[in-house]
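J.: What follows is each chain in one-letter form.
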Amino acid sequence: MNEVLRIEGLKMYFGGLKAIDGLDISLYREETLGVIGPNGAGKTTLFNVICGVLKPTEGKIFLNGEEVQGKSSFEMARKGVARTFQISKPLRDISILDNVVASLGINEYTGFKSLFKKSHSKETVDKAMMILRRTGLEDFKDKKAGEVSLGYLRRLEIARALAINPLLIMLDEPCAGLSNFAINEVIELIMQLKEEGKTIVLIEHNLPISMKVCDRIVVLNYGQKIAEGTPKEIQSNQEVIEAYLGEDDDFA
Amino acid sequence: MLLQQLVNGIMIGSVYALTAMGATLIYGILRILDIANAAAYAVGAYLGWYIYTLTNNLFLAFFLAMILTGLIGVLVEKYIYLPIISKPNVITIVPLITSVGLFTLTGDLLRLIAGPNVKSLGVKLRIGVLQIGNLRINPEWIFIIILTALLFSILWFILNKTKLGLAWRATASDSEIAQAMGVNINVSMALSYILGYGFAASAGIMVGLLYNSIYPTMGDIPSYKMLAIIVLGGLGNPVGTVLAGLLIGLSETLVAAYIGSIMPRDVIAFLVLIIVLLVKPSGLISKKNA
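As they're listed, the protein sequences go chains P and Z. Positions 413 to 664 (my numbering) are the ones given, in order, by the first sequence. Positions 4 to 293 (my numbering) are the ones given, in order, by the second sequence.
Note that these hints are calculated values from the structure, not bench results. Every residue, glycine too, gets a C-beta built ideally from N, C-alpha and C. Among the hints, a few may not be true.
Facing chain Z, from chain P, some residues (calculated, C-beta under 10 Å) [to be verified]:
| # | residue |
| --- | --- |
| 1 | M488 |
| 2 | V493 |
| 3 | D505 |
| 4 | K525 |
| 5 | S526 |
| 6 | S531 |
| 7 | H532 |
| 8 | K534 |
| 9 | F552 |
| 10 | K553 |
| 11 | A557 |
| 12 | R572 |
| 13 | L579 |
| 14 | F593 |
| 15 | A594 |
| 16 | I595 |
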């Protein structure tokens, strides 16, 4: 199988706090990997390290075989790592369309040379519209991103991730805070991405969603991997159940 | 009479907007209130004077002074502000005090290098007075209006029509997200300073040209008036800055013409600021949900 991402002996310490403490993870092409664990298990920190927001204390990250740990977040984005955020963060002051147009520009922000490149070429706008149609945002294209509801923002995050033509899509709790209706829409969108053969990492607190969407699940607790396997294997893993006891009753 | 006052107000207001635009562009990206933008105004005026004295070419003086001041801005950003704001847990007052220090230092450096006396540009423009009915516009103003309109058009074009500008707007909206889109925010920061200090430099030369005087403390009044303008415009918003500059220019001119000099002219900017903020606390154009 084709390995897209490999993490070796990853550690991320904040002073005395060991947010990630010796983690090994592999991810293969066209696979959807779930990352679950109780609050504070290090899930979002893991995302931040992979995306280059944080520089790891120790360990290595390989993307398509290339060593990438410590690269800055814009470099990681250009290498094809797309992410969404747990707390939706659109570019609030600019339109939904421009949010996607800005992401489509990923490989064209060539410093001051990009002064001579049109921001809204017909080709770019057409591509952006295609992505907006796919994510059901077409009717909102001219609205400022700060003006639409949370469900649409989550879709916008996915639209933006798609716009950078990603090698790897990392979704950080895309369903958190959404109504059941909106959750189903987001799940449907993720299932579509899966069918298209996208490689996905999903952090999801809502276990039934992870079980439904993921091919394989990694369970973190206190920054360490305590279990790994198919959703079925994870569901019956004693250590996982213990880690979650009293934390969350989703498992019951 | 009223038409003349309105035109005067718009002319002065556009120069105010140009002076403050740098502070707006810088605040938009780095979230620093850069008082030293007013130092760029004075440095630009001196560079312009120097280049004009050497070459006798006003366009070259503007062009080179803007570029040189813009480049100084990039150095200031890269070697002074960036190291300060990248430190963890920096309180926002630190870069502000740094900028006040830079501003004071620059005024003294100008005095040391160029001397304390007033320099005059002594430019003779080859355009006549524009007279339409009772409306009269001096040649210096014609030149300034055309140049200001040109500079704002260039700014609008860069921000709204180029990839570089789109990256800048993305960074201004949220630098973390912009990076996740592949934007190198160092470039956006540098753009803020090149344009910002460059614009301040052009405003400095314009005012030097209008009053035919350039002196080390010429940045003093802009240093605080520009604050009133950028806050009035809704901090970090280029369109708001233009509106705020025009509003303050008009208010100053109209108060002076119809109410008389009941108070110092420079107080009016702050009066307008207070009145507007009482009605609209986030400034003329505010960020939504930010």
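J.: So, for every hint listed, does it hold in this structure?
T.: Hint-by-hint comparison with the structure:
1. M488: holds, 8 Å
2. V493: holds, 9 Å
3. D505: Holds - the Cβ of D505 (chain P) comes within 10 Å of chain Z, reaching about 5 Å at its closest.
4. K525: holds, 8 Å
5. S526: holds, 4 Å
6. S531: holds, 4 Å
7. H532: holds, 7 Å
8. K534: violated, 13 Å
9. F552: violated, 14 Å
10. K553: Violated: closest Cβ of chain Z sits about 16 Å from K553 (chain P), beyond 10 Å.
11. A557: holds, 8 Å
12. R572: holds, 7 Å
13. L579: For L579 (chain P), the interface hint is violated, since the closest Cβ of chain Z sits about 13 Å away, which is over 10 Å.
14. F593: Violated: closest Cβ of chain Z sits about 23 Å from F593 (chain P), beyond 10 Å.
15. A594: This interface hint is violated because 19 Å lies over the 10 Å limit.
16. I595: violated, 23 Å
Checked against the numbered hints listed earlier, the structure breaks hints 8, 9, 10, 13, 14, 15, 16; every other hint is satisfied.
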